[in-house]
Amino acid sequence: KQEVTQIPAALSVPEGENLVLNCSFTDSAIYNLQWFRQDPGKGLTSLLLIQSSQREQTSGRLNASLDKSSGRSTLYIAASQPGDSATYLCAVYEDNAGNMLTFGGGTRLMVKP
Amino acid sequence: NAGVMQNPRHLVRRRGQEARLRCSPMKGHSHVYWYRQLPEEGLKFMVYLQKENIIDESGMPKERFSAEFPKEGPSILRIQQVVRGDSAAYFCASSPPDSGYTFGSGTRLTVV
Chain A
1 KQEVTQIPAA LSVPEGENLV LNCSFTDSAI YNLQWFRQDP GKGLTSLLLI QSSQREQTSG
61 RLNASLDKSS GRSTLYIAAS QPGDSATYLC AVYEDNAGNM LTFGGGTRLM VKP
Chain B
1001 NAGVMQNPRH LVRRRGQEAR LRCSPMKGHS HVYWYRQLPE EGLKFMVYLQ KENIIDESGM
1061 PKERFSAEFP KEGPSILRIQ QVVRGDSAAY FCASSPPDSG YTFGSGTRLT VV
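As they're listed, the protein sequences go chains A and B. Numbering-wise (this note's numbering), the first sequence opens with residue 1 and increments by one. Numbering-wise (this note's numbering), the second sequence opens with residue 1001 and increments by one.
So that you can see chain B by itself, here it is in the shape it has in the complex (with noise of 0.2 Å):
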C-alpha cells in the first residue's frame, strides 16, 4: 500500500496563475481531507471530501478555492489567481469511515 500520494511536492507559481495539487488516498479509504499550513501556524481544516461530493468545505475560503474528488482519479485542489498569502504548505489525508487518518508528505506552494 503506497500510503497517501500527493503530487507536486514543490510547486511554484506566479501571482495569478492556477495551482491544482493532487491527492491518491490510500487503497480501500473513501474519505479524503485536504489540511492547510500556513508558515508558523498550525494545520486548519479546508474540506472533506468522498467520492463526487463535497460533505463540508466550511474551511475553504469563498473565492478562488476548489475540490473535487471525481469517481475516477485523484482528489483535485484547485487555486486561481493565486497571490502570496496562498504560500503554505497543503497537506491531504484519507481515512475509511470512521477512523484515524493518514496524511500524505503535502504539497508545498510557493507564490512568487
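Only chain A is shown next, with the shape it has when bound in the complex (with noise of 0.2 Å):
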C-alpha cells in the first residue's frame, strides 16, 4: 500500500528565504506526482505536475523536481512572500490504481513579514 509521507510537518520562515519542501513515497511505481496548496478553510490549488517521464517542472517561483527511483519529490520556493504561507501537499497517482491520488500530510508553512 502506498504511503506519501511529508517533511517538515510545519515550517516558519523570514520573508525573502529560499526553502525546500520533502515528498517521499513507498512504491516508485507510480504515474505522475502533484503538488497542491491548500489555503485555510479553502480547496486545493494545483501548483505543478510532474508526469513520471518527467524529472521536474517549474512556475515561476517555484520548482518541482521528482526521482522515482529513491521515492522523493522536492518543492522549491524561492524568495518566499508572506502570501506563500499555506499548506503545500504532495501527492502521487498510482500507476495501477486508475486515477486515485494518495496524499501525503502536508507541510504548514508560515512566511513571516
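By construction, these hints were calculated from the structure, which means they are not laboratory data. Treat the hints with caution; some may be incorrect.
Under 7 Å between C-beta atoms, here's a sample of chain B residues computed to sit facing chain A [to be verified]:
| # | residue |
| --- | --- |
| 1 | F1045 |
| 2 | G1100 |
| 3 | F1103 |
| 4 | G1104 |
| 5 | G1106 |
C-beta atoms are modelled at their ideal positions from N, C-alpha and C, and glycine is treated no differently.
Using the hints, build the complex out of the two chains.
Structure below.
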C-alpha cells in the first residue's frame, strides 16, 4: 500500500528565504506526482504536475523535482513571501490504481514579514 | 470555464438526517473523484466515477455512503443517517483522461 510522507510537518521562515519541502513515497511505481496548495478553509490549488517521464517542473518561483527510483520529490520555493503561507500537499498517482491520488499529510508553511 | 463547482459550501445536519453534496465537473472533464478530509487529517480517496459508472469505490465506507454521476447533471455524494464522525470537508475533483486533477472548493459538513 502506497504511503506518502511530507517533511517537515510545519515550517516558519522569514520573508525572502529560499526553502525546500520534501515528499517521499514508498512505492516507486507511480504514474504522476502533483503538488497542491491549500489555504485555511479553502480548496486545493494545483501548483505543479510532474509526469512520470519528467524529472522536474517549474512555474514562477516554484520548482518541483521527481526522483522515482528513490521515491522522493522536492518543492523548492524561491524568495518566499507572506502570501506563500499555506499548507502544501504532495500527491501521487499510482500506476495501477486508475486515477486515484494518495496524499501526504502536508507541510504547513508560515512566511513571516 | 467556471472550474469545479461544489455546493453547498457549508452544510449543517442533525444526527440521523441525510446529506447530499453536489459537484459539477469542469467542462470537458469526464472523470469525477470524491475525497474526504477529516479534521487534522490528510485527504483520503473515496470514489472515482465516470458518467453513469462507478469505477473505483474502494475508499467509500461500506454503509450509508453512496455516489453517482448521472448522464445529465452533477455528481452527487449522499450520506444517509449522518453521525458526528461524518463531519469533514468533502472535496470533489475532475480531470480529463490521463491528466491532472482540478479540485473544487469543497463542502464542509457539520453534524450536530
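- Message: Using the nearest Cβ pair, does G1100(B) come within less than 7 Å of chain A?
- Response: holds (4 Å)
- Per the CB criterion, is G1106(B) less than 7 Å away from chain A? Nearest chain A Cβ about 5 Å off; hint holds.
- Close enough to count: is the Cβ of F1103(B) nearer than 7 Å to one in chain A? holds (4 Å)
- Query: Should the hint that G1104(B) touches chain A count as held when the rule is a Cβ pair under 7 Å?
  - Reply: For G1104(B), the interface hint holds, since the closest Cβ of chain A sits about 6 Å away, which is under 7 Å.
- Item | Residue hint F1045(B), partner chain A, criterion CB-CB below 7 Å | holds (5 Å)
Of the numbered hints stated above, none is contradicted by the structure.
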